[in-house]
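Chains A and B supply the protein sequences, listed in that same order.
Read left to right, the first sequence gives residues 1 to 114 (my numbering).
Read left to right, the second sequence gives residues 1 to 107 (my numbering).
There's no promise every hint is true.
Claimed, not checked - Anything over 10 Å on all C-beta distances counts as not near chain B; from chain A, calculated:
hint : residue
1    : E11
2    : E14
3    : S27
4    : S31
5    : Y35
6    : G42
7    : N50
8    : N52
9    : M69
10   : N71
11   : K78
12   : R85
13   : T112
Said to hold, decoys possible - In silico DSS-like cross-links for lysine-lysine, where the CA-CA straight-line distance does not exceed 25 Å:
hint : chain 1 : residue 1 : chain 2 : residue 2
14   : B       : K94       : A       : K78
15   : A       : K78       : A       : K68
16   : A       : K68       : B       : K54
17   : B       : K94       : B       : K54
18   : A       : K24       : B       : K94
19   : A       : K68       : A       : K24
20   : A       : K78       : A       : K24
Keep in mind that the hints were calculated from the coordinates and are not lab data.
We put the beta carbon where it would ideally sit given N, CA and C, even for glycine.
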Amino acid sequence: DAGVIQSPRHEVTEMGQEVTLRCKPISGHNSLFWYRQTMMRGLELLIYFNNNVPIDDSGMPEDRFSAKMPNASFSTLKIQPSEPRDSAVYFCASTPGGSYNEQFFGPGTRLTVL
Amino acid sequence: GIQVEQSPPDLILQEGANSTLRCNFSDSVNNLQWFHQNPWGQLINLFYIPSGTKQNGRLSATTVATERYSLLYISSSQTTDSGVYFCASSNDYKLSFGAGTTVTVRA
Numbered sequence: 001d002a003g004v005i006q007s008p009r010h011e012v013t014e015m016g017q018e019v020t021l022r023c024k025p026i027s028g029h030n031s032l033f034w035y036r037q038t039m040m041r042g043l044e045l046l047i048y049f050n051n052n053v054p055i056d057d058s059g060m061p062e063d064r065f066s067a068k069m070p071n072a073s074f075s076t077l078k079i080q081p082s083e084p085r086d087s088a089v090y091f092c093a094s095t096p097g098g099s100y101n102e103q104f105f106g107p108g109t110r111l112t113v114l
Numbered sequence: 001g002i003q004v005e006q007s008p009p010d011l012i013l014q015e016g017a018n019s020t021l022r023c024n025f026s027d028s029v030n031n032l033q034w035f036h037q038n039p040w041g042q043l044i045n046l047f048y049i050p051s052g053t054k055q056n057g058r059l060s061a062t063t064v065a066t067e068r069y070s071l072l073y074i075s076s077s078q079t080t081d082s083g084v085y086f087c088a089s090s091n092d093y094k095l096s097f098g099a100g101t102t103v104t105v106r107a
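Isolated chain A (complex conformation) (with noise of 0.2 Å):
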């Protein structure tokens, strides 16, 4: 079975402009998180959605950070416009029936802003 995928997997950009990070959750888990790590504050939840539907966005940092997750299949991370300080590495992860399951990680994002 195919784990969850993520797209692109190492993206270099330059500050002020829109990235957008890509995320396929493994099929049939109806709970994904996207997480930030960074060497400063480690790894950190950003936004939680379970049927799609966000249900914690408390940890996106601005309003430059908008997540969506249009279907069951698919969910996106866009950061406009991206900062230095944006640069990390961005995981989405995903989960069967309740959040309380085992979390299952994508390869990651490395994202760095110049």
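Given chain A, put chain B in place with the hints provided.
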């Protein structure tokens, strides 16, 4: 959210040695996971263990939920075990991660 503390922060092992990593958490949990972040940055699921004991090959884990800690055991360590080991826990949907234990296994 739950506070998660991992110890030790760094561990250097000779190949073949055994080791124990510890994770303390601040509240009752219904999810506790151990991950290995490999040198390529991927987070590999090791155990989903909110309570009890599990084993997978040379790795095993024990969570004592009533005392709010979990242990990860690595036996007969190999160089491929190098990387960062994270503990993460939650009592809702929000996994809180520890700062990790960086393990270096020397040949």
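The hints, checked one at a time:
1. E11: holds, 14 Å
2. E14: Fine: 23 Å to the nearest Cβ keeps E14 (chain A) off the interface.
3. S27: Label holds. Min Cβ-Cβ 17 Å, cutoff 10 Å.
4. S31: violated, 7 Å
5. Y35: violated, 8 Å
6. G42: violated, 6 Å
7. N50: It is violated; N50 (chain A) is separated from chain B by about 8 Å at its closest Cβ, not greater than 10 Å.
8. N52: Holds, since 15 Å exceeds 10 Å.
9. M69: It holds; M69 (chain A) is separated from chain B by about 15 Å at its closest Cβ, greater than 10 Å.
10. N71: With a cut-off of 10 Å, N71 (chain A) remains clear of chain B, as the shortest Cβ separation is near 20 Å.
11. K78: About 22 Å separates K78 (chain A) from the closest Cβ of chain B, which puts it past 10 Å; holds.
12. R85: holds, 19 Å
13. T112: holds, 13 Å
14. B:K94 - A:K78: Satisfied, since the Cα-Cα distance of roughly 21 Å is no more than 25 Å.
15. A:K78 - A:K68: holds, 9 Å
16. A:K68 - B:K54: violated, 37 Å
17. B:K94 - B:K54: The given pair, whose Cα atoms are some 23 Å apart, holds under the 25 Å limit.
18. A:K24 - B:K94: holds, 20 Å
19. A:K68 - A:K24: holds, 12 Å
20. A:K78 - A:K24: With Cα atoms ~15 Å apart, K78 (chain A) and K24 (chain A) stay inside 25 Å; holds.
Hint check: violations occur at hints 4, 5, 6, 7, 16; the rest are consistent with the structure.
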